[in-house]
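Just so you know, the sequences run in chain order A and B. With my numbering, the residue at position 272 of the first sequence is 272, and numbering never jumps. With my numbering, the residue at position 246 of the second sequence is 246, and numbering never jumps.
I should point out that these hints are in silico values taken from the structure, not numbers from a laboratory. Note that this is a predicted model, so its numbers are computed, not measured. Hints may contain errors.
The calculated label-pair distances, taken between Cβ atoms and stated as ranges, are [as the list claims (entries may be wrong)]:
hint	chain 1	residue 1	chain 2	residue 2	range
1	A	E244	B	P181	21 to 29 Å
2	B	Q205	A	E244	37 to 45 Å
3	A	L118	B	G307	50 to 58 Å
4	B	E244	A	L247	33 to 41 Å
5	A	D209	B	P150	35 to 43 Å
6	B	T11	A	S26	53 to 61 Å
7	B	G307	A	L247	45 to 53 Å
8	A	K323	B	D237	46 to 54 Å
9	B	D237	A	E41	24 to 32 Å
10	A	N290	B	G307	36 to 44 Å
11	A	T11	B	M1	54 to 62 Å
Note that the Cβ used here is the ideal one computed from N, Cα and C, for glycine as well.
Protein chains: 2
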Amino acid sequence: MIIDIHGHYTTAPTQLRDWRLRQIESAGTSFTEQLTITDDEIRETVGTKQLKNQQDRGTDVALFSPTAGGMAHHYGDEQTSIQWTTIVNDLVYRVHKLFPENFIPVLQLPQSPGASPLNSIAELEFRVKEQGFVACNLNPDPTDGYWTEPAMTSKEWWPLLEKIEELEVPAMIHVSMSCNPQFHGTGAHYINGDTVAFMQFITSQIFKDFPNLKIVIPHGGGAVPYHWGRYRGIAQDMGKPPIEEMLSNVYFDTCVYHQRGIDLLVDVIGADNILFASEMIGAVRGIDQNSGRYFDDTKPYVDGVPGITEADKQKIFQDNALKVYPRLKQYLKV
Amino acid sequence: MIIDIHGHYTTAPTQLRDWRLRQIESAGTSFTEQLTITDDEIRETVGTKQLKNQQDRGTDVALFSPTAGGMAHHYGDEQTSIQWTTIVNDLVYRVHKLFPENFIPVLQLPQSPGASPLNSIAELEFRVKEQGFVACNLNPDPTDGYWTEPAMTSKEWWPLLEKIEELEVPAMIHVSMSCNPQFHGTGAHYINGDTVAFMQFITSQIFKDFPNLKIVIPHGGGAVPYHWGRYRGIAQDMGKPPIEEMLSNVYFDTCVYHQRGIDLLVDVIGADNILFASEMIGAVRGIDQNSGRYFDDTKPYVDGVPGITEADKQKIFQDNALKVYPRLKQYLKV
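Generate coordinates for the entire structure from the input sequences, incorporating the hints supplied.
Okay, here's the thing in structure tokens:
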């Protein structure tokens with residue numbers, strides 16, 4: 001079985017976006033407009049896109065969350081974020097219910113600049129305990145590009161991290177859109193958010209305090225595997241434990257869109273800490289003229305790693321996901 | 001000959017740091033304290049460190065600039081930055097005069113948040129025309145971690161970019177320290193600054209407007225070579241020219257501190273756009289227990305790239321530097 005641990009409902013019907021625009025415009029006032037999306041519209045938008053791609057690419061199931069760029073936690077106030085989060089998590093849950101074999105729900109948190117991370121716990125508990133969500137996306141920068149909130153490794157975040165650990169739902173560290181004109185969203189802010197998080201893990205002690213916390217760094221870990229020597233050296237210079245010790249807690253996905261990148265990822269990080277993922281349909285939507293395949297069709301890259309064993313592919317495609325996401329077992333018969 | 005295009009005077013006598021601390025404390029008032037550093041102190045601090053490392057590692061000459069982390073453009077106001085820039089550029093010039101065979105000067109610019117990039121031109125022209133500096137470091141984020149200034153590709157920066165092009169001094173894009181507690185300096189802010197810049201080059205047209213501008217992205221290009229497929233795909237999705245076209249203007253250094261990273265860099269970017277560099281003495285100062293060598297001893301990594309030809313090594317170690325930095329020729333007889 002091939003489990004894609006990183007997919008987003010980026011193809012939702014356009015009325016979702018229109019509703020969101022009106023909601024943002026109304027921020028600070030009461031916004032009670034109902035959003036209507038039919039089951040047929042969900043079937044159509046998923047069936048012709050993500051589901052079709054799954055079938056075409058030979059993958060089996062995706063962990064599916066609201067659009068990461070669309071989390072946009074900086075808009076409005078905390079009430080804006082809570083209302084929006086309810087809408088999109090509901091929608092992802094409906095996708096799961098319509099395609100229970102193919103899409104397993106992962107939630108967005110109702111984060112907001114200035115709001116305590118504690119306030120995200122209610123939504124987390126509800127989705128996990130009542131609706132069977134298996135993981136969450138955690139935005140390390142709810143300002144969406146200015147990074148003026150406390151770091152996710154700071155004490156303010158601990159109650160949320162503690163709950164994530166207790167519920168056994170891995171957190172994918174995933175920034176959202178960039179409202180900072182210096183940062184392109186998917187090309188700069190996304191990748192940089194990954195790198196920032198890893199460096200915060202080096203300088204903090206969160207895995208001492210939360211030894212069972214599982215963190216997934218998407219987009220192949222940002223810049224981290226490419227600069228693995230730099231991080232090993234920085235940790236050593238600072239008198240921190242070897243970064244290899246973090247590999248009991250930190251995992252990297254395969255959203256790296258060329259063969260040589262995946263080769264390095266597998267070689268440097270090792271198959272035990274890599275989770276198959278495509279981010280489909282997401283940051284890069286075109287076909288690579290060099291290969292004739294979609295850039296984000298990442299399975300052939302994994303298959304193509306020189307010398308990769310079937311055992312390692314089994315870990316990357318399936319076994320690691322079952323280990324890192326314990327709640328997946330309720331859905332998958334493997 | 002082996003030319004290291006990325007070195008900093010990070011070992012300056014401690015009175016420089018002490019002077020700087022007092023200058024920062026005095027920001028906004030007149031600060032006229034003289035800084036005294038003798039030639040012997042410069043000889044000692046360079047001779048036992050960077051020069052010794054050059055000799056030990058078998059490299060010949062370094063392009064040498066003030067400490068990048070120390071630029072710290074956000075402190076005080078523009079006058080603070082101008083005064084500090086004068087001090088450190090003077091010092092680098094003295095290093096060059098004392099070791100003319102080994103260190104070629106590269107300048108810091110007197111950037112400051114809110115100050116026009118235009119105001120950096122006088123220092124640039126003086127150092128290049130009167131003192132023979134061959135390149136400059138350009139900080140894309142003078143706020144040092146908040147990125148609230150206009151992007152370096154925006155019109156505000158054009159007069160400075162135009163002058164850099166006209167003088168034929170390549171600009172190394174190099175952020176400084178991070179005053180944002182979210183960002184570790186050398187582990188996150190440095191690498192992210194590199195990635196941000198490359199993405200800005202994709203979305204802007206600066207190489208259409210400045211076709212002879214030469215940009216060096218340090219630290220192996222941040223996350224860029226590892227995510228080369230992502231950048232190719234994003235550019236294609238946006239209808240931008242293939243990113244390979246930027247390789248007439250953009251070069252990457254070899255400050256990647258492990259073999260597999262350098263392997264990927266050479267394979268993905270190709271020898272024509274890679275410049276040998278170590279960043280010595282800089283971000284990582286320890287010895288890698290795996291190799292028994294300093295992490296930042298990057299020459300063995302280049303030598304160790306599987307299948308690398310002597311011709312490609314010649315480009316990376318020497319020829320590309322002479323091509324990209326035309327003003328180097330006045331110093332080097334090759």
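Against the range 36 to 44 Å, how does the distance between the Cβ atoms of N290/A and G307/B compare: consistent or not?
About 21 Å separates the Cβ atoms of N290/A and G307/B, which means 36 to 44 Å is violated.
When you take the CB atoms of T11/B and S26/A, is the distance between them in 53 to 61 Å?
Holds: the Cβ-Cβ distance is about 58 Å, inside 53 to 61 Å.
If I claimed the Cβ atoms of D237/B and E41/A lie 24 to 32 Å apart, would that claim hold in this structure?
holds (25 Å)
State, for the Cβ atoms of E244/A and P181/B, whether the hinted interval 21 to 29 Å holds or is violated.
Between E244/A and P181/B, where Cβ atoms are some 26 Å apart, the hint holds.
Given the hint of 33 to 41 Å, check if E244/B and L247/A actually sit that far apart at their C-beta atoms.
holds (35 Å)
So does T11/A sit 54 to 62 Å from M1/B, Cβ to Cβ?
With Cβ atoms ~56 Å apart, the hint holds.
Just to be sure I understand the hint, the distance between the Cβ atoms of G307/B and L247/A should be within 45 to 53 Å; is that true here?
violated (30 Å)
That 46 to 54 Å hint for K323/A and D237/B (C-beta), does it hold up?
For D237/B against K323/A, whose Cβ atoms are near 34 Å apart, the range 46 to 54 Å is violated.
Verdict for D209/A, P150/B (Cβ pair) under range 35 to 43 Å:
Holds, at about 40 Å.
Beta-carbon spacing of Q205/B to E244/A - inside the hinted bounds 37 to 45 Å or not:
Taking Cβ atoms as reference, Q205/B and E244/A lie about 44 Å apart, which means the hint holds.
CB-CB spacing for G307/B and L118/A relative to the 50 to 58 Å hint
Roughly 55 Å apart at Cβ, these two residues keep to the hinted range, so it holds.
Violation of the numbered hints given earlier is confined to hints 7, 8 and 10; the remaining hints are satisfied by the structure.
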